[in-house]
Amino acid sequence: MEFEEMKKIWDTQSNSAMYAIDESVLRKSISKKASQSNRIVALVEVVFIIINLLVGPFLIYDAIVDRDHPVSFVIAGFFILGGIYTIISQQRRISRNNSFGKTMIGELDDAIANADYLIVFSRKVIYWYNIPVFALIFMKLTITASSGWVWLLMLTLFSLAFVAGRWELNKCHYPRKERLQKLKAKILALNEQQPLQV
Amino acid sequence: MTATRQQEIFEQWLEEYKGILFKIVRVYGHDTDQQDDLFQEVVIQVWRSVPKFRDESAAATWVYRVALNTAIKWTTRERKIEEQKQSEDLKEHMLSEKETFKDERVTWLYEEINKLDEIDRSLALLLLDGFSYKEMADMIGISSSNIGVRIHRIKKHLITQSEKYQHHGI
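Protein sequences, first through last, are from chains A and B. Each residue of the first sequence is one higher than the one before, counting from 0 in numbering that gives the first Met the number 0. Each residue of the second sequence is one higher than the one before, counting from 0 in numbering that gives the first Met the number 0.
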């Protein structure tokens, strides 16, 4: 079969007859996504913002009421600043993602930059946030001579946070970045082929 | 652009160009679940792209470009991660295949295109839909002469496969 014949077969498709669209699901899907920024919203970002902006003010209130050691205010400040920093970073990432009409390579570059951002963010949370916060918490537990159960609870939370962060890095962000880079490499490999002599 | 205007343009594009979206999801989604998930992702991206559209290109080319770029970055792994965030009760299907769509030759063409890698699938689609080498090169971001080499191989592959298809009298 010559290619021209294949093209004629292709053109016989009545494309509108291929599928039926459920309009109500379509409308629901769009209105749901309208306020979201991006399909791939890092779980770490969302959970991080919520936890920090809830816990921080609560800790300040608790520290004032109980007239706690000053380290409690430092811990609370850490939570609040962490939440605010994440919101700002997220907004920057969102504005960078709202680009359309680029070439395939251009969009892949954007997607790779986004994957890089999520990797850097996740690593910052694991190593530059979790560890100092829990160090301050353990300092406070020492100062206040907290019970063994509180220590056990904090150690468990720290371990869970560490494992969850590493899981997201290794199962989501690194593989995604790798796949996007491979796709880009395949496209760039097209450039290395010998042009046709016409 | 107001939300109302964005919705109007989106609905107009969906009505006029849904054939383009159907072809792309059929090529990049291997089963009906994947095609449905990919279609949902594609329509969201097309909807989001409406305010960014300028009249520098035809709307059909714009929609094609957005849909193709979405499909090429989409993976089943990401679909699974999204599904974990939804309960099964909330999972609704946007697409349902019509029984009237049953041309064996077209089905065979889609099957052959599905066997190509992600980049070749996009080139095969663009080629069959009549885009020039220059338009393809502009969409992808490489030179049109290098596009030609790959296109030549894709054509040769499809022609070879078509001989087996015709030989078996399907």
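Treat the hints as calculated values from the structure; they're not laboratory data. The C-beta atom is built at its ideal place from N, Cα and C for all residues, glycine as well. Check the hints yourself; a few may be wrong.
Within a straight-line C-alpha distance of at most 30 Å, the following computed DSS-like cross-link-like pairs (lysine-lysine) qualify [stated by the list, open to error]:
hint	chain 1	residue 1	chain 2	residue 2
1	A	K183	B	K97
2	B	K163	B	K51
3	A	K183	B	K17
4	B	K17	A	K27
5	B	K114	A	K6
6	A	K183	A	K101
7	B	K51	A	K183
8	A	K176	A	K101
9	A	K123	A	K176
10	A	K170	B	K17
11	B	K133	B	K155
12	A	K176	B	K51
13	B	K51	A	K7
14	A	K123	A	K7
15	B	K51	A	K31
16	A	K181	B	K154
17	B	K114	A	K176
18	A	K101	B	K133
19	A	K6	B	K154
20	B	K155	A	K6
21	B	K133	B	K154
22	A	K27	B	K97
23	A	K7	B	K155
24	B	K97	A	K101
25	B	K97	A	K176
26	B	K97	A	K185
27	B	K97	A	K6
To spell it out: a stretch of chain B is covered by chain A in this simulated footprint if at least three of its residues, at any positions, have a beta carbon under 8 Å from a beta carbon of chain A; those stretches are [to be verified]:
hint	region
28	11 to 25
29	110 to 119
Hints, verified against the model:
A C-alpha spacing of about 35 Å is found between K183 (chain A) and K97 (chain B), which places the hinted pair above 30 Å, so the restraint is violated. At roughly 45 Å between alpha-carbon atoms, K163 (chain B) and K51 (chain B) are farther apart than 30 Å, so this suggested pair is violated. A C-alpha spacing of about 27 Å is found between K183 (chain A) and K17 (chain B), which places the hinted pair at or below 30 Å, so the restraint holds. Of the supplied pair hints, the one linking K17 (chain B) and K27 (chain A) holds, its CA atoms being roughly 18 Å apart against a limit of 30 Å.
Distance restraint check for K114 (chain B) and K6 (chain A): the Cα-Cα separation of roughly 18 Å lies within the 30 Å cut-off, and the hinted pair is therefore satisfied. For a cut-off of 30 Å, the pair hint linking K183 (chain A) to K101 (chain A) stands: about 14 Å separates their Cα positions. For the proposed pair K51 (chain B) and K183 (chain A), the alpha carbon gap of about 24 Å is at most 30 Å, so the pair holds. With a C-alpha separation of about 19 Å, the suggested pairing of K176 (chain A) with K101 (chain A) holds against the 30 Å cut-off.
Using a Cα cut-off of 30 Å, the hinted pair K123 (chain A) and K176 (chain A) holds, with the two alpha carbons roughly 18 Å apart. Taking the CA atoms of K170 (chain A) and K17 (chain B), the gap is about 34 Å. The hint is violated against a cut of 30 Å. Among the hinted pairs, K133 (chain B) with K155 (chain B) is consistent with the structure: their alpha-carbon atoms are about 20 Å apart, no more than 30 Å. Using a Cα cut-off of 30 Å, the hinted pair K176 (chain A) and K51 (chain B) holds, with the two alpha carbons roughly 26 Å apart.
Distance check on the hinted pair: K51 (chain B) and K7 (chain A) sit about 34 Å apart at the alpha-carbon level, beyond 30 Å; violated. Distance hint between K123 (chain A) and K7 (chain A) is unfulfilled; the C-alpha atoms sit about 55 Å from each other, more than 30 Å. For the suggested pair K51 (chain B) and K31 (chain A), the alpha carbons sit about 20 Å apart, so the restraint of at most 30 Å is met. The hinted pair formed by K181 (chain A) and K154 (chain B) meets the criterion: a straight-line CA distance of about 24 Å does not exceed 30 Å.
Using a Cα cut-off of 30 Å, the hinted pair K114 (chain B) and K176 (chain A) holds, with the two alpha carbons roughly 24 Å apart. With a C-alpha separation of about 15 Å, the suggested pair K101 (chain A) and K133 (chain B) falls inside the 30 Å cut-off, and the hint holds. Under the criterion of a C-alpha separation no larger than 30 Å, the hint pairing K6 (chain A) with K154 (chain B) is consistent with the structure, at around 11 Å. Using a Cα cut-off of 30 Å, the hinted pair K155 (chain B) and K6 (chain A) holds, with the two alpha carbons roughly 14 Å apart.
This hinted pair checks out: K133 (chain B) and K154 (chain B) have alpha carbons roughly 17 Å apart, not beyond 30 Å. For the hint pairing K27 (chain A) with K97 (chain B), the CA-to-CA distance comes to about 22 Å; that is within 30 Å, so the pair holds. Distance check on the hinted pair: K7 (chain A) and K155 (chain B) sit about 17 Å apart at the alpha-carbon level, within 30 Å; holds. With a C-alpha separation of about 33 Å, the suggested pair K97 (chain B) and K101 (chain A) falls outside the 30 Å cut-off, and the hint is violated.
For the hint linking K97 (chain B) to K176 (chain A), the alpha-carbon distance of about 36 Å lies beyond 30 Å, and the restraint is violated. Between K97 (chain B) and K185 (chain A) the alpha-carbon distance is near 35 Å, which puts this suggested pair outside the 30 Å criterion. A distance of roughly 23 Å separates the Cα atoms of K97 (chain B) and K6 (chain A); the hinted pair therefore holds under the 30 Å criterion. Look at the region 11 to 25 of chain B against chain A: 7 of its residues bring a Cβ nearer than 8 Å to a Cβ of that chain, three or more, so the hint holds.
Against chain A, the region 110 to 119 of chain B contributes 3 residues with a C-beta closer than 8 Å to a partner C-beta. That satisfies the three-residue criterion, and the hint holds.
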